[in-house]
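A.B. asks: The task is simple: from the sequences and hints, build the whole structure.
Listed below are the residues making up each chain.
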Amino acid sequence: MRKYSYILMLFGITAFLSSCGNQGDNKSSNGALSSSAAEKAYVAPGEHDEFYAFMSGGYSGNITVYGLPSGRLFKEIPVFSQFPTSGYGYSEETKPMLNTSFGFVPWDDAHHPDISQTNGELDGRWIFINGNNTPRIARVSLETFETEEIIELPNSAGNHSSSFITENTEYVVAGTRFSVPVPQRDMPINEYKGNYKGALSFISIAPDNGRLNLEFQMMMPGFNYDLSHPGRGKSHGWFFFTTYNTEEAHTLMEVNSSQNDKDFIAAVNWKKVEEYVKNGGGTKMPAEYAHNVYDEHTHMATSTMKKEVITVDPTKVPGAVYFLPTPKSPHGCDVDPSGQYIIGNGKLSADLTVHSFDNMIAAIEGAKFDGEAYGIPILKFEDVLAGTVKSGGLGPLHTEFDGQGNAYTTFFISSEVVKWKLGTWEVIDRQPTYYSVGHLMIPGGNSRKPFGKYVVAMNKITKDRYLPTGPEMEHSAQIYDISGDKMELIYDFPTHGEPHYAAGCPAELLAPNSKKIYRLSENKHPYAVLTPDQAKVERDGNEVHIYMSTIRSHFTPDNIEGIKVGDKVYFHITNHEQDFDVPHGFAMIGQNTSELLIMPGQTKTSLWEPKKPGVWPFYCTDFCSALHQEMQGYVRVSPAGSDVPLTYSLGE
Amino acid sequence: MKKAGLLMIIGPLFLLGLFYFPLWNIMLGAPQYPEPLGMNIHIDGIRDMNEFDLQNIDGLNHYIGMRKLPKPEEMWEFSTFPLVIGGMVALGVLIGILGIIGKLNYQWYAGWFVLMSILGILGMYDFNAWMVDYGTNLDPNAIMKLANPDGTPMSYKPPLFGHAKMLNFDVTSLPSSGAWMMFVGMTTTVIAFFVGWKATKKPT
Chain R
409 MRKYSYILML FGITAFLSSC GNQGDNKSSN GALSSSAAEK AYVAPGEHDE FYAFMSGGYS
469 GNITVYGLPS GRLFKEIPVF SQFPTSGYGY SEETKPMLNT SFGFVPWDDA HHPDISQTNG
529 ELDGRWIFIN GNNTPRIARV SLETFETEEI IELPNSAGNH SSSFITENTE YVVAGTRFSV
589 PVPQRDMPIN EYKGNYKGAL SFISIAPDNG RLNLEFQMMM PGFNYDLSHP GRGKSHGWFF
649 FTTYNTEEAH TLMEVNSSQN DKDFIAAVNW KKVEEYVKNG GGTKMPAEYA HNVYDEHTHM
709 ATSTMKKEVI TVDPTKVPGA VYFLPTPKSP HGCDVDPSGQ YIIGNGKLSA DLTVHSFDNM
769 IAAIEGAKFD GEAYGIPILK FEDVLAGTVK SGGLGPLHTE FDGQGNAYTT FFISSEVVKW
829 KLGTWEVIDR QPTYYSVGHL MIPGGNSRKP FGKYVVAMNK ITKDRYLPTG PEMEHSAQIY
889 DISGDKMELI YDFPTHGEPH YAAGCPAELL APNSKKIYRL SENKHPYAVL TPDQAKVERD
949 GNEVHIYMST IRSHFTPDNI EGIKVGDKVY FHITNHEQDF DVPHGFAMIG QNTSELLIMP
1009 GQTKTSLWEP KKPGVWPFYC TDFCSALHQE MQGYVRVSPA GSDVPLTYSL GE
Chain P
1335 MKKAGLLMII GPLFLLGLFY FPLWNIMLGA PQYPEPLGMN IHIDGIRDMN EFDLQNIDGL
1395 NHYIGMRKLP KPEEMWEFST FPLVIGGMVA LGVLIGILGI IGKLNYQWYA GWFVLMSILG
1455 ILGMYDFNAW MVDYGTNLDP NAIMKLANPD GTPMSYKPPL FGHAKMLNFD VTSLPSSGAW
1515 MMFVGMTTTV IAFFVGWKAT KKPT
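Residue numbers (our numbering), protein chains in the order written: chain R, 409 to 1060; chain P, 1335 to 1538.
Certain hints may be false.
Derived, one-sided and incomplete: chain R residues facing chain P with beta-carbon distance under 10 Å [unchecked claim]:
id, residue
1, D989
2, V1023
3, S1033
Bear in mind the hints are in silico, worked out from the structure with no lab data behind them. Beta carbons: idealized from backbone N, C-alpha and C, even for Gly.
C.D. replies: What follows is the structure, given as structure tokens:
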């Protein structure tokens, strides 16, 4: 058996190697006959794509929005990283978004976006994404395509098995990859085993406004909780997490955490835990974590430091958690659209392990346990196994579904996507990727209703795919048409940052709701000027507040005198346009921050601390109109202590 | 006689549509306005086609020195037109009723139609005169002062009827639903006249 799989594996690698030599050719079995790939990816000028694709930016900390099948980039949404393009994280209003219990953290590593669902189907209200490094979860509005909320997670480290949502958007779930002492304390690293904990966080989402609240954290044994996905349909109410390092190693992990033949998939019955907590269960524990909320009407974020979290010891809740033995340090943990199959992608293996939800329930009901780990029952591998996919590939990472009974798994080491059939486990097709694919994405592929027309493979290695740009390159992605029996590579494009996972949805779900402007009449910013005659300049000690408005093509006011060296000058700028796609920018010479890009009806604030006397110009950075070049102004800065009166004007 | 009178009552009632539906519509499309800006001219004021259209038209017009579009209180027409239309409806219905009970003959129907036509033409003339003023009486300090090839200042008067290319804009000006209802109503009164005329000819 084993020999057989190795032969297949070799075959797979050989096939891959030989395919590298002639990558320009079409790889489908139809060969040159199906040369319509270009047509399939082509979206004519002025036409719209069929799908939105939201790709995580990895170490860019942001989300990029692409169209499918064209691969065109529409927007980068700043989430966890300062973004000088719009002033996110630089403007006074958005600085609080990046506040944490460690202070201002201007960056993160964004991994797994997930779109909100209703009854297991995409509903297009919000998209969630995790910050891996300084554990955080963000919620992004899919009306404004802006980040509205970020919540930090205490007791977590390496927030990787995140941010996946339950099928009615009850919770966004976040797990810990690096187990740590809980609470954090000064202790020897080599006392890891048995002492460290892996927290699984359940963050509720208010159905009306999406507000996040950390409801409870399950304190699991100190394994690495790598990835997760919700149960759906019949398995709704459960959540599945892959683990590795059940060895609980703390050094030279690549060897020491790869010794056990099987790690676990942790099956968590969150409905049970939720009930337990509702009935007063769990322990209130002191904690410190930031909760940052952006208000669309005040155009401002506020950061609140939370002081407490409810932790749950899983052994205190009977039936809350079971371990499903899963071979070879599983990485991706994927649940098929019916909720019946739970796929463990054993990354050091050639095979995929598929567990059956029904088998799992039967084994639990029959109390057929194979021992326990830290008081958590372990089910017998044979009892829960539904089947094994003998893929012939090597290094399976992630699986998505097309809703037609097929699954698609990426193989990192053999660099390919393999299509196989749920239930029979037979391999139907395989296509090379360029190179070493990580996640893949089918729009709605993580829901009850996938839209199985395209699959996007997101690769970790680019090498020779595009014109070289020095040692550092963007990552490559490939789009395959999966509407036929065989997958067909139709497009190949570079992506920004390092997309890990992505989430896609039909364009018609979002496009009609996409906001065009913010209504000036609904602007509740405390420093907004709603009509140009409200524009003014006020001094309060050494703080100067400039209430400024913009409309094509001038600032009101545009001449300001009486500013002094040492002042803190706040430019509060309201864009009075109410026309789609007419932003105005603002930049001040020598300012130690970024520009602002202000959307119609919006107010943003920029801080300037003038250091030298003189007359200093500011200007609009967005080519807003035919008179954009005229859209400028001057600030006169006098030496500290001078008595030039504070004046402001326009057109005098 | 009854049938003609009934038509004479129904016809003017169509004019009530002018209180709800726009009389005229002007659309402005340009490369950077794939969704054109539009204004609906009602008998009591000018309104947005889509929210903020008027504000955005004014914003664009300021480059070429056009005045802002008038608010209802800034033009006597917008308070007078509703009275005229309301009066004409009442008059028409009254003529129809008196026609049915035999106090007036069918020639009054034609009389109403002629009066309404004269008022309509006067209205159109007034509307056109306003557009001429609006499109040619420009701010001398306008940002962009454009001239025709012969050196005369360019006019931005929208067409009264049909399409015109003005700088980067395609301007289309057409009667709107309210006007079509008025035409239907007026035509009905003409039919009323003919029906009444035929009815009087029968006995002879």
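A.B. asks: Looking back at the hints listed earlier, which ones does the structure fail to meet?
C.D. replies: 2
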